[in-house]
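K.L.:
Here is how the chains run, residue by residue.
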Amino acid sequence: MKVTIKDLTKKFASRDKTGEMVTAVDTLSAEFESGKLIALLGPSGCGKSTMLNMLSGILPVTSGKIYFDDVDVTDLSPDKREVGLVFQNYALYPHMTVLENICFPLKIKKVPKAERIEKAVEIAKMVHIEDYLKRLPKELSGGQQQRVAIARALVKKPKLLLLDEPLSNLDAKLRVEMREEIRRIQRESGVTTVFVTHDQEEATSISDYILLMKLGVMQQFSATREIYNNPGNLFVADFIGNPTINQIHGTYTADGIKADGCDELIPCAIKANEGDRVVFAVRPEAVIFENEKNTVNATVNDLYSSGKDWLVNFMIGDTDLRGYCDADFNVSEGSKIKVGFKEKGAFLFNEATGERY
Amino acid sequence: MAVREKKVRKYKDSDEKITARSLITPFVFSLPFMIGLLIFTVYPFIRAVLLSFMEDYRFLSGKFSGYGLGNYTAIFSDPNFINALKSTTKYVLIVVPTSLVISILVAVGLNNVKKLQGLFQTAYFLPMVTSATAVGMIFRWLYDYDYGLFNYFIGFLGIDKIHWLADVKYTMASICIYGIWSMLPFTIILLLAGLQNIDPIYYTAARADGAKSKDIFFNITIPLLAPTIILTSIVNVMSAFKVYDSLFVLYGAKPGPAFNLYTVIYYLYDQFWNKNKLGYAAASAMILFVIIALFTLLQNLITRKTNYYN
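For the protein sequence lines, the chains are A and B, in the order given.
The numbering of the first sequence is numbering that gives the first Met the number 0, which starts it at 0 and goes up by one.
The numbering of the second sequence is numbering that gives the first Met the number 0, which starts it at 0 and goes up by one.
Check the hints yourself; a few may be wrong.
Said to hold, decoys possible - Selected chain A positions facing chain B (in silico; Cβ < 7 Å):
{"no.": "1", "residue": "P77"}
{"no.": "2", "residue": "D78"}
{"no.": "3", "residue": "L84"}
{"no.": "4", "residue": "A90"}
{"no.": "5", "residue": "P93"}
{"no.": "6", "residue": "H94"}
{"no.": "7", "residue": "F103"}
{"no.": "8", "residue": "P104"}
{"no.": "9", "residue": "I107"}
Unchecked claim - Short, incomplete list of chain A residues facing chain B, as computed with Cβ under 10 Å:
{"no.": "10", "residue": "G56"}
{"no.": "11", "residue": "Q87"}
{"no.": "12", "residue": "Y89"}
{"no.": "13", "residue": "K106"}
{"no.": "14", "residue": "R151"}
{"no.": "15", "residue": "K155"}
{"no.": "16", "residue": "L161"}
Think of the hints as simulated: they come from the structure by calculation, not from any bench.
Remember, predicted model here, so these are calculated numbers, not experimental data.
Heads up, the beta-carbon is just placed ideally off N, CA and C, and yes, glycines get one too.
Chain A on its own, in the form it takes in the complex (with noise of 0.2 Å):
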């Protein structure tokens, strides 16, 4: 089903008692495409969850509509939406089994006990958890409630499943393979998936598309892919990408960029006005150590290993920078070396507004 969200705002009154409305969203429109698995990604506080539950009709909208495959929603009730919602701590009824609990929608809805068991059974074996149905949620693992908190959002064929931080009460290693199930449970469902977290790693490994949000603000809302490669504004860069992206500040001039604190011009593609204050944003694996043209000084501060190959951390001038470079690439700290930039995986950007050149 595609969901279509039209200048959706979201304003609570704000907890100290001056009365003023605080903004969570702020008239947000996208619309997510059927069948594919979007994250709602930004840092706490940045309005994503208030956007989750407002698709999921927990709550009203101040302004703007949501239209699941053109149909206006915005007024409809939960369990009018046929959405399956899975919560941060899955909310998983303490008193039912893993069977009555993936049964429960279905028992509100009236139908049938041996219809019910026998869909809930099937549910239950494409989330792997069809060994466990006797259980009581207080004996299963974290990995496995949240198994069953899917099943259970999914047992009613809803239009949309809606998931709420999936993962972030999970140990880390559980944390990737459920990710991981995650994708596949909505590639064989084929339900279009809306899930909220503030792990980028974890939007960009899983995701078809990321809306990222600040300050209920929309950032950007493009392919993952896209994301990484093209981001539209420094806070998008300097959000998506681990380890981060580098950022030099300084002042453009058309034969480089005069950094701060640094003698040298780093040499960049990107065109800008001559005097301005910018940013250059450059991706770790964007850097390229040993180049002959377009090398700045710099000076090793500390190696990593990150197995097949080191994060090196180095100095120019008084900006702090991270690259990849080969494990058998012999520098070692304090080494001087000459640095140079890629095109691809280096940005622009206005040090005061954030734009991309």
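Position chain B against the provided structure of chain A, taking the given hints into account.
P.N.:
Then chain B, alone, in the frame of chain A:
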């Protein structure tokens, strides 16, 4: 309760070894309470057990003819005691479920009150801190044949006035109404606490699953409240078995208008003070003790079954 015990055990494992020396401090701290417990609870209890087996015990001389089951056979052939057991059981069966149902409805209502919740909670709790004598006075007035509110209200329904306190037919009814009313505050407060312990996320989840308020009440609220419901009903059963103060306030220390409503505790009191049959009193106390102990066991068993969280 079971949870707390488990935790304590865990601490004990990790702590240093228990020696006679390390036990001194906790021993000294608990001593004042222990002394009180020994003098006022443990000793009287043992005495009562012994007393219930002493035949022909004389209070002043302390002489008795020997140990035996005489007291027990005597009270079980006493129609007043059988009557007391029967009417107490009937009282328990009427008062506990009725007050529980009313309390659940009131507690759920109170839990949903958004404004002035504190005020309402206090209002419902008030009967518990009001003295039994004052309440008794008020109820005697409520039950009054000519001027009482109960007769006033049933007048509206076209029912003839009732001699609530004087008519033998209505003794059980009037004592039950009083019993239900006086049981409400404690039950409501406990249930309200239980309700507030339910994570609202389950209601949200159920709503998202398509459940209506009625579905939520029966499928989520009641099962999750079950531990509290069981706890309160067992506590109420135990306290209802010990009913006798209402006889004092409503009938002026008589078991009903025509000595028709003996309760077990009233029987005990009567044997002790009025008839000077200390052995009978002790034996009836033991019978009540066994009944209540059985319910306590039952509570422990069920509480363990309804522990969904750990």
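K.L.:
All hints, please: hold or fail.
P.N.:
Do the hints match the structure? See the list:
no. : hint : in the structure
1   : P77  : holds (5 Å)
2   : D78  : holds (4 Å)
3   : L84  : holds (4 Å)
4   : A90  : holds (4 Å)
5   : P93  : holds (4 Å)
6   : H94  : holds (4 Å)
7   : F103 : holds (6 Å)
8   : P104 : holds (4 Å)
9   : I107 : holds (5 Å)
10  : G56  : holds (8 Å)
11  : Q87  : holds (9 Å)
12  : Y89  : holds (9 Å)
13  : K106 : holds (8 Å)
14  : R151 : holds (7 Å)
15  : K155 : holds (7 Å)
16  : L161 : holds (9 Å)
In this structure, every one of the numbered hints holds.
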